[in-house]
Amino acid sequence: MQKLARCLGALLAVLAAVLLAAPTAAAQGSGETIHGTLTYQDAPVAGVTITVSSADGDEIGTAQTAADGTWEVPVPGPGDYTVVLDAATLPSTAPGVARDTIETTVNPQQRKVVLFRVGAPEGGGDQPSPSATSPSEGGEEEGQAPGEGSAEAEAGEDITATAGNNQLLQLFVSGIRFGLILGLAGLGLSLVFGTTGLTNFAHGELIVFGAVAALLMNQAGVPILLAALLATLLSAVFGWGQDRGFWRPLRKKPTGLIALMIISIGVSLFLRYLTQFIIGGGRETYDQYTYQSPVSIGPLSITPRDLIIMGICVVLLAAVALALTRTRIGKATRAVADNPALAAASGINVDRVITVVWTVGTALAGLSGIFFGMIQGVDYLMGMRILLLVFAATVLGGLGTAWGAMVGALVVGVFIEVSAYVVPSELKTAGVLVVLILILLVRPQGILGRRERVG
Amino acid sequence: MDWGNILELSLRELVGVQAIVFALAAIGINVQFGYTGLLNFGQAAFAAVGGYGVAVIVTTYGWSFWLGLVVAVAAAVVLALLLGVPTLRLRADYLAIVTIAASEIVRLVGRSAWGRDVFGGSDGITGFSSAFYDLNPFTEPLELGPFEFRERVLWVLAVGWALVAICTLVVWLLMRSPWGRVLKAIREDEDAVRSLGKNVYAYKMQSLVIGGVMGAFAGIVYSLFQGAMQPDVYATNFTFFAYAILILGGAATVFGPVLGAAIIWFSFQFIDLALRGAIGEGYIPDWLMDSNDTGAVRFMLTGVVLVLLLVFRPQGILGDRREIALDAR
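Here the protein sequences come in this chain order: E and G.
0 is the number of the first residue of the first sequence in numbering that gives the first Met the number 0; add one for each residue after it.
0 is the number of the first residue of the second sequence in numbering that gives the first Met the number 0; add one for each residue after it.
In case anyone wonders, no lab produced these hints; they're calculated from the structure.
Note that the structure is a prediction, hence the values are computed from the model and not measured.
Heads up, a few of these hints could be off.
Simulated DEER-style distance windows between Cβ atoms [what the hints assert, rightly or not]: (1) G:R320 / E:Q218: 57 to 63 Å; (2) G:R175 / E:W402: 47 to 53 Å; (3) E:R384 / G:A157: 38 to 44 Å; (4) E:G46 / G:L6: 25 to 31 Å.
Every residue gets a Cβ at the ideal spot worked out from N, C-alpha and C, and that includes glycine.
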């Protein structure tokens, strides 16, 4: 069996390597259309059909490249789009196109540049980038501007992208940002699991709750910063109420852990589609802070908003860490996570600890949802998407440990963004999930988990 | 509102293709979760692998439909092994998390532009079902009172219900065999079974494989019926739906999944049509909901039903409260 396990491990590794091998090519500009210039050996290529469709596969529009090689397709709004070049319409002088399909993310007010590399299908740097705003990456294998994954970070502005290390650094920083927010999101899940044993599949909806509460207040005219504060408080109340009114009675009943897990799926379905009922199926954005000009710090360009978000995350994570080690309630929480019966016997009010964990955990999850909402927009499916990453983070770090959740989240965040360097952005999540399964093969208790927790 | 029409369309769903697909998926989960206590939250992946097996072999590579069926089943077996090896020795929730992750991996890879040449991207694959419909022995529509089934649907229904019957029979036979008793014993107390010298890991793996293959049947039937294999059908909701169906009908019962599937799809259709009717007649004001919201209402109800069932009647309609895995770790 051990041998079989190793074989399957190798198989998965090969799969991961294949996933990592596919390159992407995209670049960016500013505004709310997708456009670009098609050239071959410095001469424009005219009459080539380019089609843009939405993430759902609906066709948005088609354009033909003009005599000067330019093309433009207006898009209805920010979101993910697939741009396809019909290689059959290329003139006979052009040998082909390196990649005929490019997935891209358009940010609010952005005029996104998408460049197709005409040339041998292998690509490989023989084709100078045609657009003035686009990066020229001499030695790089494939032109990969800081679009794709990190596009969220540097929304809009024309960025004179830099090649190689700087781009990796840029991706690394946006990975740290993502990981910090993920850590905030995952703390509640990990602590609730630690203290009650519940794997809460509705945790993603707690993240969405904060984002949607802020969105609704924002749409009603409350400035977003105030709305964010109120939504975080509301999340805390929501968490408190959920524990007192729902989960605590279930624990008293008593209900088995697997039953609780499936109940949490029911709760998740209900809340997710309630969200769809309220905000509809599209993607909504806050009226401020969705788009900012980045500032340069040394080789990095980062928006002030992201700096502040990262600061808040670091402060909150540190505060939780300090609270867990220094305060009475924090120590009690760790005692309950260790052994609830023993904790109760030594005079700790286990129910109170669990309620505090629910309240704080939901508030942090709600806040992280607002941050995600500022960066990616709010839609009713974001909970499910983030939940899987949060699971990956907590399992990676070790289920039930607060430190594990933080470390795991940073690892997942950095991995997911840096992997955008080589993996098509649409497969970033799949890559992380493959890594999650590989880690379970080797070290099932996670990075910081304890051996005896594993069954 | 035309209640006769609503009732008629809803009654059709009692035996409809959706009911077949989810009955098959739920029978698979029943073997894994109901009898063995394995939390497979990735049944959607098995169904997707089944659908892709046929579609990729026939449309992408142009090989025979029968080979496609073999590949579909083989792919489900391989997927079960891949998921089972790292997780079956671990606690139940690890399997849950890994399987749900796997189902998203399958869907994301399937819909990616990167794999478009093989898997058809987010549009999916079409044009693989003609070999199946060429076998159709029905030449004219069947009329049963107010119901009329066209030949094409009739053929899918006949094959589908035959598959459901075979799977149900297999489950019934397996679970009254010594092998099935070991599965139930694993559900009740894994350590006790291990101390009797049984290879618990192997039994769990066999259960995962059998349930997964039944899941693949679900995917095959659905994609043949649709004439298209679309990755986004097999999102995590597919799995959660199948769980709701299983728990409604009764986990660890032979007929539970079939009953649950028929009831759920009947009620879905009925609620959907009734709500649309009420909106059309203006009984429900515009500001509350429009006809686009009925889909969301259906899922909200599924969630509520799932919670209420588990809190008040975890054994479902047919089940025995002493015989469910819900209190295990």
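Check each numbered hint from earlier against the structure, then list the numbers of those it violates in ascending order.
1, 4
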